[in-house]
Amino acid sequence: MLTPNIKKNRPKNLNLFTIRLPINAVVSILHRVSGLSLFLMLPLLILAFQKSLASEASFSHVINFLNSWFMKPALIGLAWAFFHHFYAGLRHLAADVHWMTSLQKARFSGRVVLWLVAISVVIFTIVIW
Amino acid sequence: MLIKLLSKKYPGMRLWLIQRLTALVMVFYIILLLVVWLFKQPADYAGWLNFVTPIWFRFATLLFFLSLFCHAWLGVQDVLKDYIFNAELRAVLRRLVLIALWIYFIWLVFILWY
Chain X
8 MLTPNIKKNR PKNLNLFTIR LPINAVVSIL HRVSGLSLFL MLPLLILAFQ
58 KSLASEASFS HVINFLNSWF MKPALIGLAW AFFHHFYAGL RHLAADVHWM
108 TSLQKARFSG RVVLWLVAIS VVIFTIVIW
Chain G
5 MLIKLLSKKY PGMRLWLIQR LTALVMVFYI ILLLVVWLFK QPADYAGWLN
55 FVTPIWFRFA TLLFFLSLFC HAWLGVQDVL KDYIFNAELR AVLRRLVLIA
105 LWIYFIWLVF ILWY
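Going down the list, the sequences are from chains X and G.
8 is the number of the first residue of the first sequence in this note's numbering; add one for each residue after it.
5 is the number of the first residue of the second sequence in this note's numbering; add one for each residue after it.
A couple of the hints might just be wrong.
[As the list claims (entries may be wrong)] Mimicking PhoX-like on lysine-lysine, the simulated pairs with C-alpha atoms at most 25 Å apart in a straight line are: (1) X:K19 <-> G:K85; (2) X:K79 <-> X:K58; (3) G:K12 <-> G:K85; (4) G:K13 <-> G:K85; (5) G:K44 <-> X:K58.
Simulated from the structure, these hints should not be mistaken for laboratory data.
In isolation and in its complexed conformation, chain X is listed as follows (with noise of 0.2 Å):
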């Protein structure tokens, strides 16, 4: 019999060190801080398309300030934020459809997702470089 006494003594570990998360979680953490990071981003997002449409010396000042060196890395990591919510985001609507639901197969397209994300940041790199 369960007294509360007996539930208030049961072990706890919240130590965010030692906790070693499952890849399904870091996959929903990811999609959680990546689609955070995205929503603060759209001010600047938009103001680029505004002032890209504006006249075309603001387009080149755009295009020169996005391909300045400290921009880059910037743009790949917003990259990063996209593919990630993009991919991880496919892989809920699949869940939404009973597809690939098992433990085993959702760590598979767990491990999907990463290196899709991987390899589209890769690409995304190579290319704006």
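Since the structure of chain X is provided, determine the placement of chain G on it from the hints.
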């Protein structure tokens, strides 16, 4: 079954569905964007204007961002619920996010049509 779950009794189901539908709209737009990009391959300012100007492209882009804002609104709300424990602070942040998304929307209409 699904129709039943979408009735007023279960408001969360509707939000769940909106999150998925907006995701699908964005996926289609991104594929469309890639295809049109490969066809037109804009290389300079004139090419870029030519890429953005068609009326169907403007409407598609607006639909994309409308979906994005709904999607982000639901997503950010979930994040706030999970990490901001102070109810008043959460309400303030929630309102700020909503205001920001409305401003982005009006800003985009302005960019696309003026």
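Now for the hints, and whether the structure bears them out:
no.	hint	result
1	X:K19 <-> G:K85	holds (23 Å)
2	X:K79 <-> X:K58	holds (18 Å)
3	G:K12 <-> G:K85	holds (22 Å)
4	G:K13 <-> G:K85	holds (21 Å)
5	G:K44 <-> X:K58	holds (21 Å)
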